[in-house]
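Novice: This is what each chain is made of:
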Amino acid sequence: MAKAKLTFEDIGQTVNVPAGIRVIDVSEKVGAGIIYGCREGDCGTCMMHVTDGWNNLTEPSVLEEKVLRENMAGRHDRLACQAQVIGDCSVKPA
Amino acid sequence: MTMAGTRADTAHPGIGQDGAPAPVPIADDVHWIGALDPQLRRFDLILRTANGTTYNAYAVRGRDGVAVVDTVKAEFAEPFFARLEQVARYDEIRVIVLNHLEPDHSGALPELMRRAPQARLIISKRAPAMLKALLKADDEEIRYETVDTGHEIDLGGRRLKFLHTPFLHWPDTQCTYLVEEQVLFSGDVFGCHHCDRRLFNDRVGDFRFAFEYYYAHIMRPFKAHVLDALRLIEPLPLKLIAPTHGPILRERPRRYVARYRELSGGAALEPMPVDSAPLRTLLIFYLSAYGSTARMAEAICAGAETVHSVRVSLYDLDGGESEPFVDLIEAADALALGSPTVNGDAVKPVWDLLSSLAVVNLRGKVGAAFGSYGWSGEAVPMIEDRLRGLKLRVPLPGLRLKLIPTDAELADCRDFGRRLARALVGDAASGSGNGQAARGVIDFAELG
Chain F
1 MAKAKLTFED IGQTVNVPAG IRVIDVSEKV GAGIIYGCRE GDCGTCMMHV
51 TDGWNNLTEP SVLEEKVLRE NMAGRHDRLA CQAQVIGDCS VKPA
Chain R
1001 MTMAGTRADT AHPGIGQDGA PAPVPIADDV HWIGALDPQL RRFDLILRTA
1051 NGTTYNAYAV RGRDGVAVVD TVKAEFAEPF FARLEQVARY DEIRVIVLNH
1101 LEPDHSGALP ELMRRAPQAR LIISKRAPAM LKALLKADDE EIRYETVDTG
1151 HEIDLGGRRL KFLHTPFLHW PDTQCTYLVE EQVLFSGDVF GCHHCDRRLF
1201 NDRVGDFRFA FEYYYAHIMR PFKAHVLDAL RLIEPLPLKL IAPTHGPILR
1251 ERPRRYVARY RELSGGAALE PMPVDSAPLR TLLIFYLSAY GSTARMAEAI
1301 CAGAETVHSV RVSLYDLDGG ESEPFVDLIE AADALALGSP TVNGDAVKPV
1351 WDLLSSLAVV NLRGKVGAAF GSYGWSGEAV PMIEDRLRGL KLRVPLPGLR
1401 LKLIPTDAEL ADCRDFGRRL ARALVGDAAS GSGNGQAARG VIDFAELG
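Chains as they are written, first to last, in my numbering: chain F, 1 to 94; chain R, 1001 to 1448.
Just so you know, these hints were derived from the structure itself, not from any lab.
As the structure is a prediction and not an experimental result, all values here were calculated from the model.
Honestly, I wouldn't trust all of these hints.
[To be verified] Negatives, chain F to chain R, calculated, CB over 10 Å:
id, residue
1, T14
2, V15
3, D77
[Stated by the list, open to error] To be clear about the criterion: a stretch of chain R counts as covered by chain F if any three or more of its residues have a C-beta under 8 Å from a C-beta of chain F, and this derived list gives those stretches:
id, stretch
4, 1126-1134
5, 1392-1406
Beta carbons are placed, not taken as given, at the ideal position from N, Cα and C, and that holds for glycine.
With the rest of the complex left out, here is chain F:
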């Protein structure tokens, strides 16, 4: 299975993950500082900032784009419960 390196900058931890995994599933297990609410892409609580490898996450869906807009997301912000890892990237809480 394809692997990728996902780095959580707030705790200085990099994890080798299987491609396709959602960031939320890793960050929770590793104890990174991204926090969660609904876990289904609606509330915007798990917004994170992608500091590196923006293109190595799956494209945001129309619904995620809408939630990001409504929550005043900055450039390169994503929802950890929606974004799937497809290559090396680094994230931190937004």
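Position chain R against the provided structure of chain F, taking the given hints into account.
Specialist: Okay, now just chain R, sitting in the frame of chain F:
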């Protein structure tokens, strides 16, 4: 002889006393047009309301039309419209401002929009999603305009200026300032649940408790946002604060602004002497039936204490009330909870404490769980799930031990305490940008 003269000044003249509702002038051409709810005894399930509440709404008249600021709970639409109709015709209403979309303030909105279809609906820039969810409407079905700090609407000699004050106590909240009269329509900020038809703070009964109680349950989780809002509010000349619940604050309104600053300023006493190095604080709470979880707690405490610049405190949950513990947790950086497993669950005082934490902001704090067990040990993972649900970060897998801890297991507890304290200090390091890749690379499969 009639009692009518005295009844007008009585706080509780009887059930349903809002029978002949009249608008109340609060400034030149500004009226209170809200509703009284003296029979309410519990608000939103979480607040006791010993003499009910009010839903305050206001009408502002300018040369070119009228603004309605906030509405009331749907069940109280009748007195609201009755009061509104005495100060304005529906076709005069130019704007409807909603400072906060919670149903107790937006309940009468759909009917008001139906009666005044020409009115522009004004909401904060964070409010559209909530508005659409509330009205179950799409963009095509509802017209609204969003405003931000500095935006202004001129009613003709009467300017409404908007202050973007999100998270007081919903994402959508804002305040509206009537420049010429120096009136702040503050939404739920500076409000309280106190129903008294005398309306003004210099006329009503003693509502100090209600004011503090409201802050403690509604605004306290959002202290950082309160401070942001105060930076916008404090420079304004203020003759009167008109909140959406409770008394209208016309007598020395700045006292209430100052009180909000005091209440939002952090812990009552600094946890550390001012001349000591900055420390991170770790609180360890435990319950123990036979002493095993207590011994774990002591060992975790001893391990954590070996880490420089972490201050550790140890408490038996059985020896205190939740409320002061909540105050401690609000000011702490980390929280470790120990519980034995009884009948497949953590014990009730643990859940009581955890369910009391909704009134404080826990974001960014570190959490951990531990406990001794006999058969199955579900308490530890259940507490960890709850800590994550409360938005704490849980950096270490919880520590569970079967029955009475051995010396080797107590050494594991000390190690757990040490690693927890290091995770706490490590957070500080990473906050200054030194943390990246400090811990190397691990494989997802190792995370368990």
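Novice: Using C-beta distances, would you say chain F covers the stretch 1392-1406 of chain R, given that this needs three or more residues below 8 Å?
Specialist: holds (count 4)
Novice: Could you let me know if the closest chain R CB is still more than 10 Å away from the CB of V15(F)?
Specialist: 5 Å, violated
Novice: Does the claim that T14(F) lies off the interface hold, with its Cβ farther than 10 Å from every Cβ of chain R?
Specialist: 4 Å, violated
Novice: Classify the label on D77(F) as holds or violated, using whether its beta-carbon is more than 10 Å from each beta-carbon of chain R.
Specialist: 16 Å, holds
Novice: Take the stretch 1126-1134 of chain R, compare each residue's beta carbon with every beta carbon of chain F, and decide whether three or more fall closer than 8 Å.
Specialist: holds (count 3)
Taken one by one, the earlier hints fail for this structure at numbers 1, 2, listed in ascending order.
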